[in-house]
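K.L.:
Hey, can you work out the whole structure from these sequences and the hints?
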Amino acid sequence: MTHPIRLGAVAAAAALLALSACSQGSATREDGGEDGQTVVRYMEFSSNGGNEQNLEAIVAAFEEENPDIDVQVETTPYADYFTKLQTAVAGGTEADAFELNYENFVTYADSGALAELDVDGGAYTPSLLEAFQHDGAQLGLPESFSDVVLFYNKDLFAAAGVPEPTADWTWEDERAAAEALTDTAAGVWGDYQPATFHEFYKALAQAGGEFLTEDGSATAFNSPEGVAAATWLAGKSGTVMPTEAEGAGTPDFDSTLFREGKLAMWHSGIWMFGPLADVPFEWDVVVEPGDANRASAMFTNGVVVSANSEHPEETQAWLEFLTSSDTTVDTRLSAGWELPPIADEAKLAPYLEQTPPANRQAVFDALEETVLPPVIVRQQEMQDAVTEELGNAAAGRKTVEQAIADAAARVDELL
Amino acid sequence: MNRGTPSRRRNRNTLRYGGNRLRYAGIVALFLAPSLVPLTLFTLVPMVSSLWVALHDWNLITPMEFVGLDNFRDLLTDGGTWAAFGHTLGYIAGYLPLVYLLGLAAALALNTALKGRNVFRAAYFLPVVTSWVVVALLWRWLLSPANGLVNHLLGLVGIDGPGWWTDPTWAMPSVILASAWKDLGFVMIILLAGLQAIPGELYDAARVDGTSAWQRFRYVTLPLLSPSTFFVVVISLINGFQVFDQVYVMTGGGPAGSTEVVVQQIYDLTFRYGRAGDASALSWLLFVVVLIVTIVQVRGQRRWVTYA
Chain B
1 MTHPIRLGAV AAAAALLALS ACSQGSATRE DGGEDGQTVV RYMEFSSNGG
51 NEQNLEAIVA AFEEENPDID VQVETTPYAD YFTKLQTAVA GGTEADAFEL
101 NYENFVTYAD SGALAELDVD GGAYTPSLLE AFQHDGAQLG LPESFSDVVL
151 FYNKDLFAAA GVPEPTADWT WEDERAAAEA LTDTAAGVWG DYQPATFHEF
201 YKALAQAGGE FLTEDGSATA FNSPEGVAAA TWLAGKSGTV MPTEAEGAGT
251 PDFDSTLFRE GKLAMWHSGI WMFGPLADVP FEWDVVVEPG DANRASAMFT
301 NGVVVSANSE HPEETQAWLE FLTSSDTTVD TRLSAGWELP PIADEAKLAP
351 YLEQTPPANR QAVFDALEET VLPPVIVRQQ EMQDAVTEEL GNAAAGRKTV
401 EQAIADAAAR VDELL
Chain D
1 MNRGTPSRRR NRNTLRYGGN RLRYAGIVAL FLAPSLVPLT LFTLVPMVSS
51 LWVALHDWNL ITPMEFVGLD NFRDLLTDGG TWAAFGHTLG YIAGYLPLVY
101 LLGLAAALAL NTALKGRNVF RAAYFLPVVT SWVVVALLWR WLLSPANGLV
151 NHLLGLVGID GPGWWTDPTW AMPSVILASA WKDLGFVMII LLAGLQAIPG
201 ELYDAARVDG TSAWQRFRYV TLPLLSPSTF FVVVISLING FQVFDQVYVM
251 TGGGPAGSTE VVVQQIYDLT FRYGRAGDAS ALSWLLFVVV LIVTIVQVRG
301 QRRWVTYA
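Just so you know, the sequences run in chain order B and D.
The UniProt record's numbering numbers the first residue of the first sequence as 1 and each following residue consecutively.
The UniProt record's numbering numbers the first residue of the second sequence as 1 and each following residue consecutively.
It is worth saying that the hints were derived from the structure and are not from the lab.
Where a beta carbon is used, it is the ideal one built from N, C-alpha and C, also for glycine.
One should not assume that every hint holds.
FRET-style restraints, in silico, Cβ to Cβ [claimed, not checked]:
hint, chain 1, residue 1, chain 2, residue 2, range
1, B, F281, D, I159, 50 to 60 Å
2, B, F281, D, L138, 32 to 42 Å
3, D, D78, B, E64, 52 to 62 Å
4, B, Q138, D, P34, 46 to 56 Å
5, B, F281, D, W52, 51 to 61 Å
6, D, A29, B, L415, 46 to 56 Å
7, D, D160, B, E172, 30 to 40 Å
8, B, Q53, D, T130, 30 to 40 Å
9, D, F120, B, D412, 51 to 61 Å
10, B, E172, D, L51, 32 to 42 Å
11, B, D278, D, D160, 18 to 28 Å
Just so you have them, the derived chain B footprint on chain D, three or more residues with Cβ under 8 Å [unchecked claim]:
hint, region
12, 58–67
13, 135–149
14, 161–169
15, 254–260
16, 266–274
Residues from chain B that face chain D, not an exhaustive set, calculated with beta carbons under 8 Å [said to hold, decoys possible]:
hint, residue
17, T83
18, V89
19, A90
20, T93
21, S111
22, G112
23, E116
24, E244
25, A245
26, Q380
27, E381
28, A385
29, E388
30, G391
P.N.:
Right, dumping it as structure tokens:
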């Protein structure tokens, strides 16, 4: 008969085996690379959905210049990226470098998860470089920027005999055109701009309002301007734009509608230029109409080095190449991807020469008056609360005034 | 004469038995290890550590900060918690009767000499072993307000279908419908086994007594089915409190928070809002609620469960 102690040892060994099997997942993440190369892992979302080969090209160019470094890219769709990143950071399995959008940068910078960088910075547009500083330290590099413009289907405008949008348009012009272009019998909608957080802070700036008070301690959007902005957005649903019940807000609903030629005007980002290059109708873009002010949404993504990285220098070298090298600039411009954050505007010239859209100048005109998203530590909760309350107004479950008051109260609690 | 013998014998027995017991425990441990080790690693350890996390503020990124019972206090005073429990109870109130009645109907129908009943049994059970993600996406499409099959069919008979999962009033019924459809096969299998265990003589005797079919169902079938019913209700209630997959895929807790059930709330708190402490506290709150409900059920079964 087997001795009990020996049996116990077997059980303990089995437990150890199970334990080591668990930790194997994290052990494999560091594959040594070839011939003693330094491996730099990079987690990102922005190449997902059509720009993967463009990022591959940038990686290949970097590795050619730096044969000692092996860059391993891990791409995750935007919708899941921040969940995955957060879990990876919590578990200590995050990559050496990862991508952050401006809205999420503050949370990570504040948490101490990022390494301070030592960069010259002269290559970058100063305002974009500053966006990734925190308490005086450069904790990230700007990687790309983009803005939102008004896309329009020229064929639909011509068919309806409505004059095309111009840079002088106001909300009133957009509303009148949207009504004239909407033909529900034919399934054609005049406009698409969802009542969400990201549209609201911009419309609020267009109406002349402020999201937060100057010191950031309270909301300031429960105001006539806030109500005007919410009324503008919520009023579109069901009149000139499909409702939630008709599918609005589900993934790819708006891009599909536009691609099928059933949407006359669409508020969307310049990253759609590439994907829309092959649609069988004429389209162009124009700076978004304003109200009291003009204000265009600008988004910027940055890249950071993890505080846990064992190769911070090699990682930073990769990030500098990724953000400001000529290869990157060329790749981004010819692909119609988001724009590189470089200071030398002459390098951006080739972007303007391509079509569609013909009016690429609008991308730069929009940058003259931009608005950045309000950023707080409890960012996602704020975004969800505002979007939910605006959705209530758009669906008629609350009055606009009530929805704005409720949204303000909920955001105040988060500050 | 032999007064001392029993005690001597007892001593000897205890010694021998004690040695056996140690050896016996070792063998038991060996055989239990394949399930005990994973259970400890993946259930007990996480449970205990989640209690530890519940006593802290933790955004998964920065170090944990001890806050004592603050998370529990905040949860109990937060309207969102009660709303989530309310939505969960609403789900259970719709789901449990529906899935039981559908499962019972299927079990009764397939307990007869119906032609091809094995095909039907397999068909009803198929959704049970199908991934929830697949089923939820299927129902999301079936119940799509604009292009869904259900609203299309309703339209053919002149009914203007509701917005289903896009409408706060209809979102929870949509989730309940999908859940009942998926789980009715499980209920059916358990009840079918229960039905087949009821001795045929009881029906013969009831027939001799001149009972109607309804009376036989009411006074023979239902009481003797009560152990199976009890099992189904306990399992379905626990599953009902833990409803998540179908909500996450079909509605994500929306629209307007109308399907924000407890586990969805736990998920959102952790992975959307980085509030792992609050989420862990809510998990324990849910655990306690399920524990109490289950204890009450087990105690209450004496009153209505009949064992043949």
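K.L.:
So, for every hint listed, does it hold in this structure?
P.N.:
Hints versus structure:
no., hint, result
1, B:F281 to D:I159: 50 to 60 Å, "37 Å, violated"
2, B:F281 to D:L138: 32 to 42 Å, "34 Å, holds"
3, D:D78 to B:E64: 52 to 62 Å, "55 Å, holds"
4, B:Q138 to D:P34: 46 to 56 Å, "53 Å, holds"
5, B:F281 to D:W52: 51 to 61 Å, "59 Å, holds"
6, D:A29 to B:L415: 46 to 56 Å, "55 Å, holds"
7, D:D160 to B:E172: 30 to 40 Å, "34 Å, holds"
8, B:Q53 to D:T130: 30 to 40 Å, "36 Å, holds"
9, D:F120 to B:D412: 51 to 61 Å, "57 Å, holds"
10, B:E172 to D:L51: 32 to 42 Å, "59 Å, violated"
11, B:D278 to D:D160: 18 to 28 Å, "38 Å, violated"
12, 58–67, "holds (count 4)"
13, 135–149, "holds (count 4)"
14, 161–169, "holds (count 4)"
15, 254–260, "holds (count 4)"
16, 266–274, "holds (count 4)"
17, T83, "5 Å, holds"
18, V89, "5 Å, holds"
19, A90, "4 Å, holds"
20, T93, "12 Å, violated"
21, S111, "4 Å, holds"
22, G112, "6 Å, holds"
23, E116, "17 Å, violated"
24, E244, "5 Å, holds"
25, A245, "4 Å, holds"
26, Q380, "5 Å, holds"
27, E381, "5 Å, holds"
28, A385, "10 Å, violated"
29, E388, "6 Å, holds"
30, G391, "6 Å, holds"
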